[in-house]
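**Q** Each chain is listed here by its residues.
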Amino acid sequence: MGDAVVFDDVVMQFDREVVLNGISFRLPRGETRAIFGVAGSGKSTILKLALGLMKPDGGHIHVLGQDVTLMKEEDLFELRRKVGMVFQESALFDSLTVHDNVAFRLMEEGSGTEEEIEERVREALSFVELEHTMSMFPSELSGGMRRRVAIARAIITHPEVLFYDSPTGGLDPVTSTTIVELIVKQRDVYKTSALLVSHRLQDAFTMAKNHFDRKANRMAPLPPGERSEVPLSFLILREGKVIFDGDAAELVRSRDEYIREYIA
Amino acid sequence: MELISPSELAREKVQSVQEYSLLAGRSIANLFRKPRYVADTLQQMDSIGVGSLPIVVLTGFFTGAVVALNTAASLNKFGALSLIGQLVSVGMVRELGPVLTGLMVAGRNASGMASELGSMVVTEQIDAMRALGTDPLKKLVTPRVISTVVMLFFLVIIADLLGLLGGNMVAGWFLGLDSHAYWSSAWQTLVFQDVFMGLVKPPIFGFIIATIGCYYGMSARGGTQGVGKATTEAMVVSSILIIAVDFFVTRLLIVLMGYR
Numbered sequence: 001m002g003d004a005v006v007f008d009d010v011v012m013q014f015d016r017e018v019v020l021n022g023i024s025f026r027l028p029r030g031e032t033r034a035i036f037g038v039a040g041s042g043k044s045t046i047l048k049l050a051l052g053l054m055k056p057d058g059g060h061i062h063v064l065g066q067d068v069t070l071m072k073e074e075d076l077f078e079l080r081r082k083v084g085m086v087f088q089e090s091a092l093f094d095s096l097t098v099h100d101n102v103a104f105r106l107m108e109e110g111s112g113t114e115e116e117i118e119e120r121v122r123e124a125l126s127f128v129e130l131e132h133t134m135s136m137f138p139s140e141l142s143g144g145m146r147r148r149v150a151i152a153r154a155i156i157t158h159p160e161v162l163f164y165d166s167p168t169g170g171l172d173p174v175t176s177t178t179i180v181e182l183i184v185k186q187r188d189v190y191k192t193s194a195l196l197v198s199h200r201l202q203d204a205f206t207m208a209k210n211h212f213d214r215k216a217n218r219m220a221p222l223p224p225g226e227r228s229e230v231p232l233s234f235l236i237l238r239e240g241k242v243i244f245d246g247d248a249a250e251l252v253r254s255r256d257e258y259i260r261e262y263i264a
Numbered sequence: 001m002e003l004i005s006p007s008e009l010a011r012e013k014v015q016s017v018q019e020y021s022l023l024a025g026r027s028i029a030n031l032f033r034k035p036r037y038v039a040d041t042l043q044q045m046d047s048i049g050v051g052s053l054p055i056v057v058l059t060g061f062f063t064g065a066v067v068a069l070n071t072a073a074s075l076n077k078f079g080a081l082s083l084i085g086q087l088v089s090v091g092m093v094r095e096l097g098p099v100l101t102g103l104m105v106a107g108r109n110a111s112g113m114a115s116e117l118g119s120m121v122v123t124e125q126i127d128a129m130r131a132l133g134t135d136p137l138k139k140l141v142t143p144r145v146i147s148t149v150v151m152l153f154f155l156v157i158i159a160d161l162l163g164l165l166g167g168n169m170v171a172g173w174f175l176g177l178d179s180h181a182y183w184s185s186a187w188q189t190l191v192f193q194d195v196f197m198g199l200v201k202p203p204i205f206g207f208i209i210a211t212i213g214c215y216y217g218m219s220a221r222g223g224t225q226g227v228g229k230a231t232t233e234a235m236v237v238s239s240i241l242i243i244a245v246d247f248f249v250t251r252l253l254i255v256l257m258g259y260r
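The listed protein sequences correspond, in order, to chains A and B. Position one of the first sequence corresponds to residue 1 (the working numbering), numbered consecutively onward. Position one of the second sequence corresponds to residue 1 (the working numbering), numbered consecutively onward.
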């Protein structure tokens, strides 16, 4: 099997500002990559480019073996059905209930009867522990709950790749930990390839040092000396370029001044 | 305020026209492509058609009444008060019904579409829809365009009838005109050109209202301020276009069919 996502010398410009200047990286299948950078460094742009929501000004992007830079919008819809995305502000449809939000893709595709769809919605909402909110509207939920519903909506069809855009952005530390726990659970239970964009290094280090304990049904620290079953690597962006590409141990050992200041 | 160069301004305007044309073209082309969102279209018909009934009824009624009031004095000088029915009838059916109904519906619905879709754009709901494999033009724009085109046709018919009723009220209560005489003259004066002209315009205006509203909504940028700007622009541009297109359509139909 090829890589889940490949960025090959991608360039992206907004007006006269070059946001991505020759970005190249790979996301192997079954692995997780965390992308970091300061605000405005192009992290969210990378996810939108990967989904084909924007077209780059240069380079190529392959998702699940297909070059999204050459595909028309109509052809991208089919590919997007295999990709799940959690947006920065959840992006729930505010005129639909939680049930209809989570079931949106299933209803659009006509996947099953109403009862079958409801069953799958319950399964997805129980994964994020929000079964009781099915008939509520997004405006009645807290920020953390909306983020969890967004995760349920992204995972309901068991996509092959997941994109998380600042999943803990704007949340308090306790709620952030809840979200990270869900991401770790999704990673370890379903082994889905994932690109995680964040400005919070502590979230990625939490993911690197913990695993989902299925017996205890919660996140737990990895035993000393052990690594997660699912490899987690880091990518750091600066001024449109990748300045670091490696795992947590390499990141901590880095002698680059900017990186040392970033992780301090 | 940042000054923009004339060439940059011209480029922006041309690009806007191009993007609008693409949106309008695709909204029609989507009729022939699956999936078709029948339930969403029916929901929009209810919101746009039934929802606009109160303002259309009031607009039609009082427009017919005021036409009768204003023309009564002049007609009376020539002893031609009995022609009031004809004036209200031709005026409402050919021009006032379609144009004023179009302007009312534009004010209510073009702005509503722009604000609803604009809010969805700035909160990334449109991106989320695309990410979930659904074409927002098929799901959101085409149902609105179809609904407005169809419902404006019927709303104008209702406005015309209410206009005639308004004129009848003025003719009967204030001018002492016999109701039978009013309705006979109103009915008999109408020829095929009047009715055809009055019913060709609503679908055109409906298309303008929906495509302009959806275009400004889908192009909204810059948070709540951008949505507010899009809402205002949608209403203003659709209203101006209705009035301008009315002139050209009327001229074209007169050339093609002759004047009454």
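Quick caveat, the hints were computed from the structure, so don't treat them as lab data. Watch out, some of these pointers could steer you wrong.
Stated by the list, open to error - Dumping the calculated DSS-like pairs for lysine-lysine here, alpha-carbon to alpha-carbon at most 30 Å:
{"hint": "1", "chain 1": "B", "residue 1": "13", "chain 2": "A", "residue 2": "72"}
{"hint": "2", "chain 1": "A", "residue 1": "55", "chain 2": "B", "residue 2": "34"}
{"hint": "3", "chain 1": "A", "residue 1": "48", "chain 2": "B", "residue 2": "229"}
{"hint": "4", "chain 1": "A", "residue 1": "48", "chain 2": "B", "residue 2": "77"}
{"hint": "5", "chain 1": "B", "residue 1": "77", "chain 2": "A", "residue 2": "72"}
Said to hold, decoys possible - Here are the simulated distance ranges between beta carbons:
{"hint": "6", "chain 1": "A", "residue 1": "57", "chain 2": "B", "residue 2": "257", "range": "46 to 54 Å"}
{"hint": "7", "chain 1": "A", "residue 1": "246", "chain 2": "B", "residue 2": "8", "range": "38 to 46 Å"}
{"hint": "8", "chain 1": "B", "residue 1": "226", "chain 2": "A", "residue 2": "2", "range": "37 to 45 Å"}
{"hint": "9", "chain 1": "A", "residue 1": "137", "chain 2": "B", "residue 2": "42", "range": "46 to 54 Å"}
{"hint": "10", "chain 1": "A", "residue 1": "231", "chain 2": "B", "residue 2": "46", "range": "29 to 37 Å"}
{"hint": "11", "chain 1": "B", "residue 1": "46", "chain 2": "A", "residue 2": "15", "range": "41 to 49 Å"}
{"hint": "12", "chain 1": "A", "residue 1": "126", "chain 2": "B", "residue 2": "34", "range": "28 to 36 Å"}
{"hint": "13", "chain 1": "A", "residue 1": "65", "chain 2": "B", "residue 2": "240", "range": "45 to 53 Å"}
{"hint": "14", "chain 1": "A", "residue 1": "142", "chain 2": "B", "residue 2": "196", "range": "55 to 63 Å"}
{"hint": "15", "chain 1": "A", "residue 1": "65", "chain 2": "B", "residue 2": "256", "range": "54 to 62 Å"}
{"hint": "16", "chain 1": "B", "residue 1": "196", "chain 2": "A", "residue 2": "67", "range": "46 to 54 Å"}
{"hint": "17", "chain 1": "A", "residue 1": "191", "chain 2": "B", "residue 2": "53", "range": "52 to 60 Å"}
{"hint": "18", "chain 1": "B", "residue 1": "8", "chain 2": "A", "residue 2": "238", "range": "25 to 33 Å"}
Virtual Cβ for every residue (Gly too), placed ideally from N, Cα, C.
**Q** Does each hint fit the structure? Answer for all of them.
**A** The hints, checked one at a time:
For the hint linking residue 13 of chain B to residue 72 of chain A, the alpha-carbon distance of about 25 Å falls within 30 Å, and the restraint holds. Under the criterion of a C-alpha separation no larger than 30 Å, the hint pairing residue 55 of chain A with residue 34 of chain B is consistent with the structure, at around 25 Å. A hinted pair counts as satisfied when its Cα atoms are at most 30 Å apart, and residue 48 of chain A with residue 229 of chain B qualifies at roughly 26 Å. This hinted pair does not check out: residue 48 of chain A and residue 77 of chain B have alpha carbons roughly 72 Å apart, beyond 30 Å.
Using a Cα cut-off of 30 Å, the hinted pair residue 77 of chain B and residue 72 of chain A is violated, with the two alpha carbons roughly 69 Å apart. Between residue 57 of chain A and residue 257 of chain B, the C-beta spacing of about 53 Å keeps the proposed range 46 to 54 Å intact. Take residue 246 of chain A and residue 8 of chain B: their Cβ atoms lie about 44 Å apart, and the range 38 to 46 Å holds. Range check, residue 226 of chain B to residue 2 of chain A: about 40 Å between beta-carbon atoms, so the 37 to 45 Å window is met.
One distance hint, 46 to 54 Å for the beta-carbon pair residue 137 of chain A and residue 42 of chain B, is violated here, with the actual separation near 22 Å. A beta carbon spacing of about 53 Å between residue 231 of chain A and residue 46 of chain B contradicts the range 29 to 37 Å that was offered as a hint. Our hint of 41 to 49 Å for residue 46 of chain B and residue 15 of chain A holds, since their Cβ atoms are close to 42 Å apart. For residue 126 of chain A and residue 34 of chain B, the hinted distance range of 28 to 36 Å is satisfied, since their beta carbons lie about 33 Å from each other.
A hinted range of 45 to 53 Å holds for the C-beta pair residue 65 of chain A and residue 240 of chain B, which are about 50 Å apart. At roughly 58 Å, the beta-carbon separation of residue 142 of chain A and residue 196 of chain B lies within the given 55 to 63 Å, and the hint holds. At about 57 Å, the beta-carbon gap between residue 65 of chain A and residue 256 of chain B stays in the expected band of 54 to 62 Å. With their beta carbons about 53 Å apart, residue 196 of chain B and residue 67 of chain A fall inside the hinted range of 46 to 54 Å.
Range check, residue 191 of chain A to residue 53 of chain B: Cβ separation about 56 Å, and the 52 to 60 Å hint holds. For the pair residue 8 of chain B and residue 238 of chain A, the supplied restraint of 25 to 33 Å holds, since their beta-carbon distance comes to about 32 Å.
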